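Novice: Chain by chain, the residues run as shown.
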Amino acid sequence: MQAALALPILAVAAKAGAAEVGEIGITTLGYKERGLMKVTEPVLWGRVELAEVWEIEASGAIDIVTGASPELVTNISGKPVQSVTGASINDRRTTGNVKVTRRFGDYALAASTAHSNEEDYHSKSWAVEGRADLNRRNTTIVASYGEAHDHVGSSIDPTLNEPRDTREYLVGVTQILTPVDIVDSNLTYSRGHGDYDDPYKLTLTFYPDQILPTLLPDTRPDHRDMFAWLTRYRHHYASRNGTLQAEYRFFHDDWGITAHTLEVGWEQQLNEHWSVRPGLRYYTQNAADFYAPVIPRPTPAVLSSDQRLAAFGGLSPSLRVTWRGADGWKVEGTAGYVQDSASFRLGGKGSEAFATLRAVYGLLTVSRAF
Amino acid sequence: MTRLAALAALVALCACTPVAPYQRGYLARPDMALTADPGTTRTTELTYEAKEAARGGASVGGGGCGCN
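As you go down the protein sequences, you meet chains W and A in turn.
Under the working numbering, read the first sequence as residues 1 to 370, first letter to last.
Under the working numbering, read the second sequence as residues 1 to 68, first letter to last.
None of these hints come from the bench; they were simulated from the model.
Watch out, some of these pointers could steer you wrong.
[To be verified] Listed below are the simulated EDC-like cross-link pairs for lysine to aspartate or glutamate, each with C-alpha atoms no more than 16 Å apart in a straight line: (1) W/LYS201 x W/ASP218; (2) W/LYS99 x W/GLU33; (3) W/LYS330 x A/ASP37; (4) W/LYS330 x A/GLU45; (5) W/LYS79 x W/GLU352; (6) W/LYS124 x W/ASP157; (7) A/LYS51 x W/GLU71; (8) W/LYS38 x W/ASP91; (9) W/LYS201 x W/ASP120; (10) W/LYS99 x W/GLU23; (11) W/LYS124 x W/GLU147; (12) A/LYS51 x W/GLU33.
No experiment lies behind these values; they were computed from the predicted model shown.
Okay, chain W solo, but in the shape it has when bound:
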């Protein structure tokens, strides 16, 4: 009798005390640009804690890219415009990464590696990370170092096989401010050297006093140093059962590009299982020093008309709906729209040849915590 009475109590206690030891999920992205590229990407991801001191995180993904991409910028019509040459893309990229963390009380060390392979690009990278919880675990500081060793190829030039090597450094702090406020700020710096040219992009310029035009392949500097400062903030409004999520990133590199990214979201808890999160992302950048849609005379040593290096801005609204079950299941769907335009650049003066990009994307995640 006593044993039978004890069983339900033990069962309840076991469930209340059960800690989540891992999570596994699959996320699928569908992305489509108006008239250009389409991407489908399933990602399988998971993490597990072992013996309370080890954590292993891993993910694998396949990128399936089809459609077309602007390859030529020409002023044959009098003004420089993006032109799709008609060649279609059919590319598949496989990626995988693993991260192993070992905790030592308030400290943790981690090591990770990532690989990515596609027809014209191969990447291998690794990183190490140290983390310390301070101030009664109200403050976490992190420092990381990573290296990437990539090889750039071309589907139209089988002889192309150039290296690109990058070293990355990160320092960051996460701080609990109040019972309803948390902020996180990271500084990252990377130094890269190697081939940054896009082997598929060309600039074709006609001059009024010259019969033959000048054709220049995309030619960029053989180095790129980048600096990024990312700050993330969360504030929970208990009376409204909602949370403000805000992020800002400052970016600058030695190509002369300065960019700002601001994203704001509001996650509203509707009931025990459902929440919705509308969000808005704004992005603005100026042009790279060597960006030009028209080849000047004399022809410079470096020049690119790739509009990703132009001056433009972007707006991206999104809506996320999440269902969380009582037993660790989660189903989450996100729908988003992206519009990049010269007129969205902060302060105006976007690049004249920038062709407005319009795209929609959808994400679906199914996951289970256990």
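With chain W held as given, fit chain A onto it using these hints.
Specialist: This is chain A only, laid out in the frame that chain W set:
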């Protein structure tokens, strides 16, 4: 100037009054997480990085791709 501001913010943060473990119920909410799940984070980052010059800030060691 930006680096000085970052350092000042870091020093200022360390002066906050600690929040005790029993006061952290709201901080454990899923919507208070600083990142979405790994799949959502990865795919949305790549969506934007493929069309923009800026990248990075959240982590290191992720490798590259031919998309940018």
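Novice: Are W/LYS330 and A/GLU45 close enough, with their CA atoms no more than 16 Å apart?
Specialist: violated, 21 Å
Novice: Given the hint that W/LYS330 pairs with A/ASP37, does the C-alpha gap stay at or below 16 Å?
Specialist: The given pair, whose Cα atoms are some 11 Å apart, holds under the 16 Å limit.
Novice: Does the structure keep W/LYS124 and W/ASP157 at a Cα separation of 16 Å or less?
Specialist: The given pair, whose Cα atoms are some 22 Å apart, is violated under the 16 Å limit.
Novice: Holds or violated: W/LYS124 with W/GLU147, Cα cutoff 16 Å?
Specialist: holds, 8 Å
Novice: Can you confirm whether the C-alpha distance between W/LYS99 and W/GLU33 stays at or below 16 Å?
Specialist: Judged against 16 Å, a Cα distance of about 33 Å means the pair is violated.
Novice: Please verify whether W/LYS38 and W/ASP91 have alpha carbons no more than 16 Å apart.
Specialist: holds, 11 Å
Novice: Given the hinted pair A/LYS51 and W/GLU71, is their Cα-Cα distance within 16 Å?
Specialist: holds, 14 Å
Novice: Holds or violated: are the alpha carbons of W/LYS201 and W/ASP120 at most 16 Å from each other?
Specialist: holds, 14 Å
Novice: Just to be careful, I want the Cα atoms of W/LYS99 and W/GLU23 compared with a cutoff of 16 Å; is the pair within it?
Specialist: This hinted pair holds, its Cα atoms lying about 14 Å apart.
Novice: Holds or violated: A/LYS51 and W/GLU33, Cα atoms, limit 16 Å.
Specialist: holds, 11 Å
Novice: Holds or violated: are the alpha carbons of W/LYS79 and W/GLU352 at most 16 Å from each other?
Specialist: holds, 9 Å
Novice: Please verify whether W/LYS201 and W/ASP218 have alpha carbons no more than 16 Å apart.
Specialist: holds, 5 Å
When each numbered hint is compared with the structure, violations occur for hints 2, 4, 6.
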